[in-house]
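K.L.:
Keeping their order, the protein sequence lines are chains A and B.
Each step along the first sequence adds one to the number in the working numbering, with nothing skipped, and position 94 is 1125.
Each step along the second sequence adds one to the number in the working numbering, with nothing skipped, and position 357 is 1388.
Hint data in this document are derived by calculation from the structure and do not stem from the laboratory.
There's no promise every hint is true.
Any copy, or any two copies together, can satisfy a pair, since identical chains are not distinguished.
Each computed SDA-like pair below joins lysine to any residue, with the alpha-carbon atoms no more than 25 Å apart [as the list claims (entries may be wrong)]:
no. : residue 1 : residue 2
1   : K1125     : N1073
2   : K1296     : I1475
3   : K1455     : G1302
4   : K1386     : T1351
5   : K1224     : D1071
6   : K1065     : A1235
7   : K1386     : G1376
2 protein chains.
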Amino acid sequence: MKVCRTRAIASTTSSRNKNANTTNFATYMNIFNKLHDYIDDNFELFVKRLTQWLSIPSISTLPANRKEVSEAALWILDQLEAAGLNDATVIETKGHPLVFGQKLVNPDLPTLLIYGHYDVQPVDPLEEWITPPFSPDIRDGAIYARGASDDKGQVLLVLFAIEAWTRTAGAVPVNIKVVLEGEEESSGDAIEKYVTANPEMFSADAVLICDTPMMSATQPSIITSLRGIVYSEIAMSGASSDLHSGSYGGVAPNPVHGLCLLLGKLKQEDGVIRIPELQKALDDSSAPTRAELDYWQQNGRAIRAELCRTMGVTQLVGETERPPLECIGLRPTLEIHGIRGGFVGEGEKTVIPAKALAKVSLRVPPGLDPDKVAEWFTKAVRDNSPQGYETETRILHIGRGLAVDPENSYFRAAVRALEKTYGKGPLLTREGGSIPVAALFNEILQIPVILMGFGLPDDNLHAPNEKFSLEQFRRGIKTVALFLKEIT
Amino acid sequence: MKVCRTRAIASTTSSRNKNANTTNFATYMNIFNKLHDYIDDNFELFVKRLTQWLSIPSISTLPANRKEVSEAALWILDQLEAAGLNDATVIETKGHPLVFGQKLVNPDLPTLLIYGHYDVQPVDPLEEWITPPFSPDIRDGAIYARGASDDKGQVLLVLFAIEAWTRTAGAVPVNIKVVLEGEEESSGDAIEKYVTANPEMFSADAVLICDTPMMSATQPSIITSLRGIVYSEIAMSGASSDLHSGSYGGVAPNPVHGLCLLLGKLKQEDGVIRIPELQKALDDSSAPTRAELDYWQQNGRAIRAELCRTMGVTQLVGETERPPLECIGLRPTLEIHGIRGGFVGEGEKTVIPAKALAKVSLRVPPGLDPDKVAEWFTKAVRDNSPQGYETETRILHIGRGLAVDPENSYFRAAVRALEKTYGKGPLLTREGGSIPVAALFNEILQIPVILMGFGLPDDNLHAPNEKFSLEQFRRGIKTVALFLKEIT
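Throw the hints in and build the complete structure from the sequences for me.
P.N.:
Printed below as a string of C-alpha cells:
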C-alpha cells in the first residue's frame, strides 16, 4: 500500500523512481524497524554529538568569532563523513566556508539536495540567558544553547537520518548532496555566488531544508510559503554635535525624537504600514487559500491563545482585525530590531544627541518583489522624515520570498513522512521568516524546495535561551529517514 | 561717580554698606589697577592651575570614578586656602563631599555666598573628542576638556578673583562663604540636605553662581530666570523574551515601536507638548516681558542665524512660530536624551526586543511647580501608551526653576561689573537650563541668586569637545573681582 502511494505520486513528476517497485512491503517494514531501533539505540550519543557542536560559538556576524565559525565547519565536515557521505569538503569563500558532501548511489534514483547552516545568531542580551549560550544545558526535555534549533540541531537530525540508513541498510535509498553554509545569520552571499557559478555541482530533483518550526509537538506542520525580507539601517542626524538640552532644548533637532516621529508614521498603532506603493501592490499579490481562511476562522481563538501564551502577552497587537496567522505568514511587516541614540548609561545626562540609528526590516509576502519594496520603503523614509533632519537609509540586504506547490510529489512525500512519525497529518502553514537561500535554489536550480522543520514556536530563536526539544530531535531524525525512502 | 551709583542702588536694600562711603575714588581706581595687573600678570599660572584640575576625571554619575571625584574635592580645597579663605573643610556626606571655606572680614559688610560644583558630566561618545576629555588642550584661544566651562573653569575664576583681592588688598572687600558640591551632574541631594539642616552656616545676603553661558564674547548677558526640570526614565516591555521577527512579526508587541508611538504622541512635529494639564497651566504662568518681546522681534533673524550657526543646522525645529529664545528660556520642553532597545551592534539581527527604554526630561518654566509637571507627565505617558505594552515611568529627579528680580541691588551690582569689564551693558536673558540648587538657596536661605556666568553658547556643555574661552576666563576673574567691590 505504502509503495503504491509513493509510486502513484512520484510518477507524476519523475520517471526515475523504478526502484520503488522492487521494494516489497516486508523488506520495507524490516528496514524501518531497523532504522527506528538504530535511532533509539543511538539517541543518547546523538544528543552528545549535538552538545559538542553547540559548544562552538559560530556567530557569523561577529568578526571576532571567525575562528569559531571555521571550527564549527570542520566539526560538521567529520559528521558528513560519519554519515557515509563522500567527497566531504570545506569550500573556502571570500566569507565563511561552505561544507559539501554527497552520496550518489544510483543515477536512476532521484537526487535530494540538503541545505542547512552551521552559523548562529549573536547572543546578547547575554545576562538574560539562564545557562550560558555555548554551554548546552538539558532541562525539561530540551537542549538549551544558541543554535540548538536554528539550525545546528536540525542540520544534525538530517545527517543522523542519513547515518541511520548507512549503518542499517548499507547506504541511503536516494542520491544525496549536502551543502551547509556559515553566513545564513550574517547575510553573506558566499553560497549564492558559489551555487550560481556551479549549478551542475548542486543539480538535484528537490531540496530539503530543515530550518523552521512546526506548529506544536502534537500537531506537525509543513510550510507552503516563506516571506522575503528587506533589512535596513536608518541613520538620522541633527546638529553637528551633541547639545545641552537646557541651552538648546525646544529649538534643536533631536534625532531620537525625529526617528520616533518617522517610525511612528511608517507604522501606526493599527499596524498598517504606511507605504502607499506597498499597500497598492498587496491588492494584487497572493491571498490566503480558502482552506487557510477556514482553518484560521475555526481555530481563531485557540491560535490567538497559543500565540499569547508563547509570547507571554495578554493581547496581540497590529492588524488585529485580521487572522494572526495571516499577519505572520502573508502580510508584510515592518519591525524595528533595534534603536540607539544619546545617553542610556547609568544616571542622567541632559544631552540632545546629534545622531540616532534604527535597524528596521520589512517582511515581504511571497508574491511581492523585495527589490521594489526596498525602493518604496526608501522613498517612504524620505517622504516621512521630519523637517530639519538628515536621514539616510542603507539597505543591508534583500531576500526573496517563496511559495511551494503543495501538489508537488516531494512535498507530498514529506507530508506522508510526517504523518507516519507523528500519527497525524501535518497542517500546511505559512512561515513568516525568510530563508533567502530557499528562493535561490528555487530560482537557480529550478527545483521544488521542501521546508520541513522540527523546531517549536517557543524555541526562542534569535533570543536568549534558545532551545530544541529532544523529542522533536528524535522524531526529526525518524521523519527524515522515512522521507528519504518516500521520495524514491 | 562710581561710588555714588553703587551706594544709590545698594542703599535701597541693605543698611550695611556704610564702608562704601569711606572709599574714595582714587583709592578705588588704585585697587582696581592693582587687581587687573595682578590678574594679567598671573594669568598663565591661573590657566596652568585650571589645567591641573581639569585633568581629574570627577564624573560624579559613574560609581567607578568615586576616587577621582574625591581627588577633585581635595584639589579645590587647597585653592580655597590659596585664595585666603579660612575654615576650608571637606564635609563628608552620604554622596560626594561638599567643600566649604569662608572669610568673614567685617560683620557690618554684606556676606556673599558663592556656589559652584567640582563634578563633571560623563564623556561619551568618547570617540568624538578631538583631544581626550581629561587631557586639557589649548587651541584657538580656548581650553578643551570635560568640565572646562561646566563648572571647573567658572569655579576657579571666582576663587582667583578672591585670591587677587587677598594678594593685592590684603583681604576681600566683603564677607565670603564658598560652598562647592560634587553631585550637580548626578542629581545627588547631599547639598540640599546639608544646607537645609545647617541654614545658619550658609546665611548670607546673596548667592553668586557662575555656571551659565553668556550671549557672546562681545555681548555680555546675565540671567533673570532658570527653568526647572523633571528627569525621567520610561521603560516599556512587550513579550516575556526577545522574539524572532519572522515568527512573530506583525502580531507581537515591539516596545521600540511602542516607545516611538508614545514619544511621537507626547511631542509631535509641531513641537507642542501634548500634556493637557501642562498646556492649561502655561496660560497662567510667567510670560516674557515687553522688553524681551521687543528685543526678540528686533533681533529675530540674527538670533535664529546665530543659533543655527552654533548648532550646525540650517533650520530650527519645534514651535517655530514662537521666538526661539522664548522656546529655550520660557517654554516647557520635552527632550529625549537617549533611547535603547534591541540589537544595534554590527551586522543584522531580526529580533523583536522584549524591552526598550528612553530617558526623557521636561524643562519647566519658572512659574510652574515641577512636582505637578511630573505628575501630569506620568499620567500622559500612561494615557498615551499603546495597547498591549507595559509602561513604567520612573522620575529620576525634579528641580525647581527660579526667577530673579532685576531690581535687586546685587543683581544691579553684577550688571555694573559686567558693563565695566566688557565696556557694554549686559542683556537680561532667560536660561533654559536648570540649576536646582539656585532654587534651593532662594527658598531655604531667602536670598537673591545672582546667575552671572562666563561660558559661551558654543562651549559644548555635556557634549564632546567641551571648552572654555581663555579670554572669558580672564574677564570672568576681573568681573567677579569688581563685583565683590560693587556689592559693598
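K.L.:
Now, for every hint given, state plainly whether the structure supports it.
P.N.:
Hint by hint, here is what the structure shows:
1. Taking the shortest alpha-carbon separations for K1125 and N1073, neither the intra-copy value of 38 Å nor the inter-copy value of 64 Å comes in at or below 25 Å.
2. Taking CA atoms no more than 25 Å apart as the test, K1296 paired with I1475 passes in neither setting, with 38 Å inside one copy and 47 Å between copies.
3. Proximity of K1455 to G1302 under the C-alpha cut-off of 25 Å is found in neither arrangement, the shortest distances being 35 Å within a copy and 59 Å between copies.
4. With identical chains, the CA atoms of K1386 and T1351 are at most 25 Å apart between copies only, with a shortest distance of 21 Å across copies and 34 Å within one.
5. Taking CA atoms no more than 25 Å apart as the test, K1224 paired with D1071 passes in neither setting, with 39 Å inside one copy and 71 Å between copies.
6. In the homo-oligomer, the alpha carbons of K1065 and A1235 never lie at most 25 Å apart, since the shortest distance is 28 Å inside one protomer and 97 Å across protomers.
7. Taking the shortest alpha-carbon separations for K1386 and G1376, both the intra-copy value of 16 Å and the inter-copy value of 16 Å come in at or below 25 Å.
Of the numbered hints listed earlier, those contradicted by the structure are 1, 2, 3, 5 and 6.
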